[in-house]
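Novice: Listed here are the chains, written in short residue letters.
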Amino acid sequence: MKKSFVLVCACFIVSCAALPALRPLDRPPACPSPFLTEKTRLIHAIEAGAGGKTRAVLIGITLADPAARTLSAAVLTPEGMALLEASFGPSGATIGRALSPFDSGELARRMMEDMALIFFAPAGEPVLRGVSAAGETVCRWRARPEGWVDVFQGRDGRIGIRRYSESGRLERTVTLAADAQSSYAAIELHASERVDYSLTMTLIESEAAASGR
Amino acid sequence: MSMTQAGIKKAALLLLVLFAVLPGGARADDFDRLRKEAARITTISADFVQKKTMKILSKPLVSEGKFYYTAPSSLRWEYTRPLRSVVISEGGITRRYIASGGKMIEDKSGGVQAMKIVLDEVAGWVSGRFDANPSFAAALTEGPEARITLTPTDKNMAGMIERIEITVSRRDAAIKTVRIVESRTAETLIDFQRVVINKDIHPSVFREVQ
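So the protein lines, in turn, are chains A and B.
Read in order, the letters of the first sequence are residues 1 to 213 in my numbering.
Read in order, the letters of the second sequence are residues 1001 to 1210 in my numbering.
Hints listed in this document are in silico derivations from the structure and should not be mistaken for laboratory results.
Treat the hints with caution; some may be incorrect.
Here are a few chain A residues that sit away from chain B, every Cβ distance over 12 Å (derived from the structure) [claimed, not checked]: (1) Asp-26; (2) Phe-35; (3) Val-57; (4) Pro-66; (5) Ala-73; (6) Leu-76; (7) Arg-129; (8) Ala-143; (9) Ala-185; (10) Thr-202; (11) Glu-205.
Under 10 Å between C-beta atoms, here's a sample of chain B residues computed to sit facing chain A [stated by the list, open to error]: (12) Arg-1035; (13) Gln-1050; (14) Lys-1055; (15) Ile-1056; (16) Leu-1057; (17) Leu-1061; (18) Ser-1063; (19) Ser-1073; (20) Phe-1192; (21) Val-1196.
Glycine residues also receive a C-beta, built at the ideal position from the N, C-alpha and C atoms.
All chains, full assembly: derive it from the sequences and hints.
Specialist: Listed below in structure tokens is the structure:
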């Protein structure tokens, strides 16, 4: 009985307190910052996968304004048909045009949230800086409206982002290119949802966008 | 990423316009003449440049590809950049391939069903029957180039496509451009180049994706 109780407690602790511990350093490390610093338009080839298989290949267009924390996005088929046109801002996602598989709205909203996670620095100051068990330099932010965001840099220099739920469940892992010119040259996102999915994004072109466009 | 039936139908209607080129070769004095001219076409091959204009873009997104047709219903619509994709249809079977991990893989999603609906319609368009699809009202405008305007009649298309304009060269009777006006700020212009009519195309073009 006692053993069972201990086992149940252990399971509870593991499942509810999974936010990885960070070892503080005497001198807090500088936070990796791959994020956009000016209004930018990016066009990526996107391979969307689920269940270990590529499910769709798409063209993603993102116009992101980090100062206003707003972004517009369009997703096209390789043939140029717009499946999704949407925007994202402080009040959430607004869906314009949405064809299957985005017509339910939920996938479109998640995709816009994923783009915001990738391109915008977490708001505010980090609540914790330290080193993970894997030796990564990590800065941790409180996410809004809830949860946590870690921005990390591995020993190999690659920068990534992890988003956790409020209870510490890993929801997103983003790994960026080790490209000196653009962290967004190659992006890999893995989502842990009811149905896991992945996005592998390869930059086609990017440009600084004039204000107002 | 699976498509619903309604989504497939809507996507198919949208994709139809991308294939409006097929009755190329017709001298468009009227629809009857289009049909008669198209009946003489046994094969078409062409390169195309597609320019997509959207509010989110500062300049058009340019795609390039190749198009092949052999009567009565073999088709290959291939994009070579920025992303490679191939749709082939022969003997009533339609397959779509997408580039992934450096190789072409068959797309098993609902997008294939959408393409099948499109290409089934295309078989009629190849015969010069611009006005055969009840989803679009067709009109001819005479001028230096014949212009065919297709206006959606299907309410499902409301807000998706305003009209399609197809220009046909009077000099060589070949389709020159297809302009798909989706809204005030979005359109797709497909410009056909190096159009070759009635020259043999190897059957493997419609069966193999390399």
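Novice: A separate judgement is required for each hint: does it hold in the structure or not?
Specialist: How the hints compare with the structure:
Listed as outside the interface, Asp-26 of chain A is consistent with that label: its C-beta sits roughly 45 Å from the nearest C-beta of chain B, beyond the 12 Å cut-off. With a minimum CB-CB distance of about 20 Å to chain B, Phe-35 of chain A clears the 12 Å threshold, and the non-interface call stands. Taking the minimum C-beta to C-beta distance to chain B, about 4 Å, the non-interface status of Val-57 of chain A is violated against the 12 Å cut. In this structure Pro-66 of chain A is separated from chain B by more than 12 Å, as the shortest Cβ-Cβ distance comes to about 17 Å.
Separation of Ala-73 of chain A from chain B is inadequate, the least Cβ-Cβ distance of about 8 Å not exceeding the 12 Å criterion. Non-interface status of Leu-76 of chain A relative to chain B is broken: a Cβ of that chain comes within 12 Å, the nearest being about 7 Å off. Residue-level check passed: Arg-129 of chain A sits 36 Å from the nearest beta carbon of chain B, beyond 12 Å. Taking the minimum C-beta to C-beta distance to chain B, about 26 Å, the non-interface status of Ala-143 of chain A holds against the 12 Å cut.
Interface exclusion of Ala-185 of chain A from chain B stands, the closest Cβ pair being 15 Å apart, more than 12 Å. A cut-off of 12 Å between C-beta atoms contradicts the statement that Thr-202 of chain A is not in contact with chain B; the least separation is 10 Å. The non-interface label for Glu-205 of chain A is inconsistent with chain B: the shortest C-beta to C-beta separation is roughly 8 Å, within 12 Å. Given hint, Arg-1035 of chain B at the interface with chain A, is violated; its Cβ is 27 Å from that chain's nearest Cβ, farther than 10 Å.
Hint on Gln-1050 of chain B holds. Least Cβ distance to chain A is approximately 6 Å, under the 10 Å limit. Proximity of Lys-1055 of chain B to chain A holds as hinted, the smallest CB-CB distance being about 8 Å (cut-off 10 Å). Interface restraint check: Ile-1056 of chain B against chain A, minimum CB-CB distance 5 Å, threshold 10 Å, status holds. At about 7 Å, the closest approach between the beta carbon of Leu-1057 of chain B and any beta carbon in chain A falls short of 10 Å, and the interface hint on this residue holds.
Look at Leu-1061 of chain B: its Cβ gets to within about 7 Å of chain A, closer than 10 Å, so that hint holds up. Checking Ser-1063 of chain B against chain A by beta carbon gives a least distance of about 6 Å; that is within 10 Å, so the hint holds. Interface hint status for Ser-1073 of chain B: violated, as the beta-carbon distance to the closest one in chain A is roughly 19 Å, over 10 Å. At its closest, the beta carbon of Phe-1192 of chain B sits 15 Å from a beta carbon of chain A; the interface hint therefore is violated under the 10 Å criterion.
The interface hint given for Val-1196 of chain B is broken, as the beta carbon of that residue sits about 22 Å from the closest beta carbon of chain A, more than 10 Å.
This entry does not satisfy hints 3, 5, 6, 10, 11, 12, 19, 20, 21, going by the numbered hints stated previously.
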